[in-house]
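Listed below, chain by chain, are the residues.
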Amino acid sequence: AQKVTQAQTEISVVEKEDVTLDCVYETRDTTYYLFWYKQPPSGELVFLIRRNSFDEQNEISGRYSWNFQKSTSSFNFTITASQVVDSAVYFCALRGSGGGADGLTFGKGTHLIIQP
Amino acid sequence: GAGVSQSPRYKVAKRGQDVALRCDPISGHVSLFWYQQALGQGPEFLTYFQNEAQLDKSGLPSDRFFAERPEGSVSTLKIQRTQQEDSAVYLCASSLGGATNEKLFFGSGTQLSVL
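Here the protein sequences come in this chain order: A and B. Note that the numbering used here numbers the first sequence so that position 20 is 20, with each residue one more than the last. Note that the numbering used here numbers the second sequence so that position 65 is 1065, with each residue one more than the last.
One chain only, chain B, in its complex shape (with noise of 0.2 angstroms):
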């Protein structure tokens, strides 16, 4: 596609269930992000992948939080037994090379609840 895809848009899950959320980068991007909005707040950096290697995942809150991207495009993000504070808008990005201080082109999101 032209831009980053991120599936669902939104998502309403029960406390304790478990979720995964998909982002399509730009076909070709080396680099993908995962960040964390909460409401009102900017993103915070999750996870970084260079093709399928997760090479930072300092950012993740728990280990509860689990991202993937097994071949090198798309990547998923999952949260075991989801809890009310992991409600946010969970981003996407992608950049072309392997460097990190690139211009990054960000998914609309995907808004997670957690009632």
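If we strip away everything but chain A, and leave its shape as in the complex, we get (with noise of 0.2 angstroms):
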């Protein structure tokens, strides 16, 4: 079975701070992907990043960085100098190759408030 932990559920900051989002996987798999998503009050998710249990190079996307560490099961999402419009919730989301569903196996997500 696959399982993703998002152990924060909220979490608050004043605009220009970093703020770290913890992610906790577990399966079976040899070779899975993992995956953030951001949903903002409209509703829609939207795609951040994508990454392959084969690739732990850390990522910088601008403002975001993601490390990934495969010996703690980890994938945590950094966001530098948050700003009012980085407020929503964010999934972090697994995907494996080992047969089982097709879809992708999300945690609970972290509701992401940036204050002014």
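Be aware that a few hints might be false.
Capping the alpha-carbon separation at 25 angstroms, the derived lysine to any residue pairs in SDA-like fashion look like this [what the hints assert, rightly or not]:
no., chain 1, residue 1, chain 2, residue 2
1, A, Lys70, A, Phe47
2, A, Lys3, B, Glu1044
3, B, Lys1078, A, Lys70
4, A, Lys38, B, Ser1062
5, B, Lys1103, A, Asn76
6, B, Lys1011, B, Gln1111
7, A, Lys70, A, Ser42
8, B, Lys1103, A, Val24
9, A, Lys108, B, Gln1084
10, A, Lys3, B, Ser1058
11, A, Lys38, B, Ala1088
12, B, Lys1057, A, Ala1
13, B, Lys1011, B, Ser1108
14, B, Lys1103, A, Ser42
15, B, Lys1078, B, Val1030
16, A, Lys3, B, Gly1059
17, A, Lys108, B, Leu1060
18, A, Lys108, A, Leu48
19, B, Lys1103, A, Arg51
20, A, Lys108, B, Gly1028
21, A, Lys108, B, Ser1062
These are computed hints drawn from the structure, not numbers from a lab. Computed from a prediction, not measured in an experiment: that's the story for all the values here.
Since each chain comes alone in its own frame, lean on the hints to assemble the complex.
This is the structure:
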């Protein structure tokens, strides 16, 4: 069985602070894919990143960065110099390759509030 | 259209009624997924289509749930004899190719309330 845990239900920071959203996953597959999606109040999930299990390089995209560590089964997401527009619910998700269901397994999400 | 379109945006049904939720994926997208999102939770996978073929329906919670994509484009999720526990947001997503590990494009969802 696959599982994604986002232990932080809600985080509130003041604008311009850095913030890290945690994601811990469980899978028995040796090949798997990890994702982050953003869900603003409009409800439409927006893709942020996909990382496969063979690529442990950290990635930076503007103010966003991701830290993938297989040793701790974590795929954390950091926003640097947060902005009010970053306020949303963020979901970490997992897709294995071992013949399970074809859909993504999502965590419960972290509600990020950026206060001006 | 430019994105994934779902209709209606909101649906209120009386317990026992049948409902049909529509999804228009991005034109040319091969894969189409349905997810159910309960309040305060992450989306949960319901079913997957590759073109018109329903390759995975393992997430459908009961035989009251039925999905189709007859011409490989528009999809309909039907719920028969709705119950209160069916109240949720139903999300549709599509992706360009036939692999299930690709970037997904989501619609804004249909919020279903069963009274």
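Against the structure, the hints:
Restraint check for lysine 70 of chain A and phenylalanine 47 of chain A: satisfied, since their Cα atoms lie roughly 22 angstroms apart, inside the 25 angstroms limit. In summary, the hint linking lysine 3 of chain A to glutamate 1044 of chain B is supported, as the alpha carbons are separated by about 12 angstroms, within the 25 angstroms threshold. At roughly 40 angstroms between alpha-carbon atoms, lysine 1078 of chain B and lysine 70 of chain A are farther apart than 25 angstroms, so this suggested pair is violated. For the suggested pair lysine 38 of chain A and serine 1062 of chain B, the alpha carbons sit about 29 angstroms apart, so the restraint of at most 25 angstroms is broken.
This hinted pair checks out: lysine 1103 of chain B and asparagine 76 of chain A have alpha carbons roughly 19 angstroms apart, not beyond 25 angstroms. The suggested pairing of lysine 1011 of chain B with glutamine 1111 of chain B holds, with an alpha-carbon distance near 6 angstroms, which does not exceed 25 angstroms. Distance restraint check for lysine 70 of chain A and serine 42 of chain A: the Cα-Cα separation of roughly 33 angstroms exceeds the 25 angstroms cut-off, and the hinted pair is therefore not satisfied. For a cut-off of 25 angstroms, the pair hint linking lysine 1103 of chain B to valine 24 of chain A stands: about 20 angstroms separates their Cα positions.
Proximity of lysine 108 of chain A to glutamine 1084 of chain B is assessed by CA-CA distance (about 21 angstroms); at most 25 angstroms being required, the pair is judged to hold. Taken as a hint, the lysine 3 of chain A and serine 1058 of chain B pair is honoured in the structure, with Cα atoms around 17 angstroms apart against an allowance of 25 angstroms. Only pairs whose Cα atoms come within 25 angstroms are accepted, and lysine 38 of chain A paired with alanine 1088 of chain B is accepted, the gap being roughly 19 angstroms. At roughly 17 angstroms between alpha-carbon atoms, lysine 1057 of chain B and alanine 1 of chain A fall within 25 angstroms of each other, so this suggested pair holds.
For the given pair, lysine 1011 of chain B sits about 14 angstroms from serine 1108 of chain B by alpha-carbon distance, which is consistent with the 25 angstroms threshold. Taking the CA atoms of lysine 1103 of chain B and serine 42 of chain A, the gap is near 19 angstroms; set against the 25 angstroms cutoff, the hint holds. Distance check on the hinted pair: lysine 1078 of chain B and valine 1030 of chain B sit about 21 angstroms apart at the alpha-carbon level, within 25 angstroms; holds. Simply put, lysine 3 of chain A and glycine 1059 of chain B have alpha-carbon atoms about 15 angstroms apart, close enough for the 25 angstroms limit, and the pair holds.
Taken as a hint, the lysine 108 of chain A and leucine 1060 of chain B pair is honoured in the structure, with Cα atoms around 19 angstroms apart against an allowance of 25 angstroms. Using a Cα cut-off of 25 angstroms, the hinted pair lysine 108 of chain A and leucine 48 of chain A holds, with the two alpha carbons roughly 17 angstroms apart. Pair hint lysine 1103 of chain B plus arginine 51 of chain A holds up; C-alpha atoms about 11 angstroms apart against a cutoff of 25 angstroms. About 31 angstroms separates the Cα atoms of lysine 108 of chain A and glycine 1028 of chain B, which puts this hinted pair outside 25 angstroms; it is violated.
Restraint check for lysine 108 of chain A and serine 1062 of chain B: the C-alpha separation of about 22 angstroms stays at or below 25 angstroms, so the hint holds.
Taken one by one, the earlier hints fail for this structure at numbers 3, 4, 7, 20, listed in ascending order.
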